[in-house]
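Last residue of the first sequence? That's 681 in our numbering, and every number before it is there in order.
Read the hints as simulated data drawn from the structure, not as lab findings.
Misleading hints may appear alongside valid ones.
[Unchecked claim] Label-pair distances were calculated between CB atoms; the ranges are:
| hint | residue 1 | residue 2 | range |
| --- | --- | --- | --- |
| 1 | 373 | 304 | 29 to 37 Å |
| 2 | 304 | 417 | 37 to 45 Å |
| 3 | 423 | 596 | 19 to 27 Å |
[Said to hold, decoys possible] The list that follows gives simulated cross-link-like pairs (lysine to aspartate or glutamate, EDC-like), each with its CA atoms no further than 16 Å apart:
| hint | residue 1 | residue 2 |
| --- | --- | --- |
| 4 | 307 | 318 |
| 5 | 307 | 287 |
| 6 | 673 | 496 |
| 7 | 348 | 473 |
| 8 | 348 | 590 |
We put the beta carbon where it would ideally sit given N, CA and C, even for glycine.
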Amino acid sequence: MPVAIWWIRRDLRLADNPALVAAARHGQVVPLYIHAPEEEGEAAPGAAARWWLHHSLAALAADLTARFGTSIAIIRAEAALPALLTAAKQWEADAIFWNRQYAPSQIRRDETVKATLRANGLRAESSNSHLLFEPWTILHPGSQEPFRVFTPFWKACQAAGIDQTTLPVPELTPVAGLDPNSFASALAALDLLPHHPDWAGGLRATWQPGEAGAWTRLERFINEGLRHYHVGRNLPGERYTSQLSPHLSFGEISPRQVVQRILSASAGVIDGDVAHFFSELGWREFGFHLLYHFPHTVREPLDPRWTSFPWPPIDQEQLVAWQRGRTGIPLVDAGMRELWHTGWMHNRTRMNAASLLVKNLLTPWQEGERWFWDTLVDADLASNVLGWQWTAGCGADAAPYFRIFNPVLQGERFDPHGDYVRRWVPELARLPDRWVHQPWSAPAEVREAAGVRLGENYPWPIVDLAASRARALEVFAQFKERALRFRG
DNA sequence: TGAAATGTTGGGGCG
DNA sequence: ACGCCCCAACATTTC
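Can you build the whole structure from these sequences, using the hints too?
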């Protein structure tokens, strides 16, 4: 019986996995994970993602053991290609199957890998498991150009129609010789987990990486979040969002499975809540669309004229205060601490934290992008870059430069009782609702009664919101006047 | 998927 | 009864 390698990447699941199905059809299956972060460049996982990767691999291996009595072979390598060639020889495999990835470095690597494997007489096939729509299939009907604006992009996707068919877990004949013990030691040798100090306690308490955990999240969302999603998704203190992002990022569940399950739960009815949730999946697709068609956006603004934006020198002290949730602005600090503790941040707060860094603190968006990349368990190059460039106003469908969030008003509007702030910034927990989003404005006796001593147990704001807003408006307006005057 | 300034309207207090 | 002012409430515009 021939042997096929299932080259595992960000498709850490058994169900709806085209590469796995293809491998199982071909013959005996070698589930193989190659750890070669150096080769992935900008897409190499950050610290929080490495924690997730460890546990997701462990979960997948456990599933393979329980269902098929096999495990995952792990190779630590400088590059995937030689590892694949060695593995093919070792297992006497004549075919390799994988699911596609879309970061520029990954696309380049996969092209070389595919060509070389085939030149060596091996069968090499890739499939789509990560997206509802391959980026190259959605183009402007007339010009055949990629989209730069979300709404027409998503309309074109919907016009193309979401394929709802999903693949069952295949019957699988494993190769002999893969066992849980050697998997466990190989996984440990990858050294993906933090130590000295172990900062992952909050992650462990929050998440269950793996296919089962992904489905638990989805079912919880359908039961508790979806019904009021359209309004509730804006409230960071409540649990109306799906929190599926890390599971989707690691391919523990496919967007197709999510769509199919939600439609079955809603009896096929697409009301406002369902439509809005689907459009959030659409934003994920849009990120991959942009990353594929405009790969330079990983480091540079989509619009090249923005590369000359006159950022002032980076204030390291302010940057660290932002990273650690010590800006003195409660909503932003709550968000940054939620991120540090759980590896995830509510989208409403992501926008506010990003706006403060880029606009009020005039810090290059790449600094924020880098911090998010390292601390988010759901960090996807596509979504992260899209989000930061959206905030900075230099990306696709970007927020205009004058859109500057006021984190006090945003807090009062979307966290009216301060539940979110109190949870993550306990120093402020005893302040009345009226002042919880702006402790610096509270009467001294109110602060004292609440045990808030600014400058001692909670910082004064590191920027004056009104003054820094005015400064950002001026800098951005001047830049627009000078640099953006000539189109194209 | 903004905030703040400015403009408009209409009710109520008051001389 | 009337004009005037104030200002909340809402709409529009500007950044």
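Of the hints stated earlier, which fail here? The structure breaks none of the hints.
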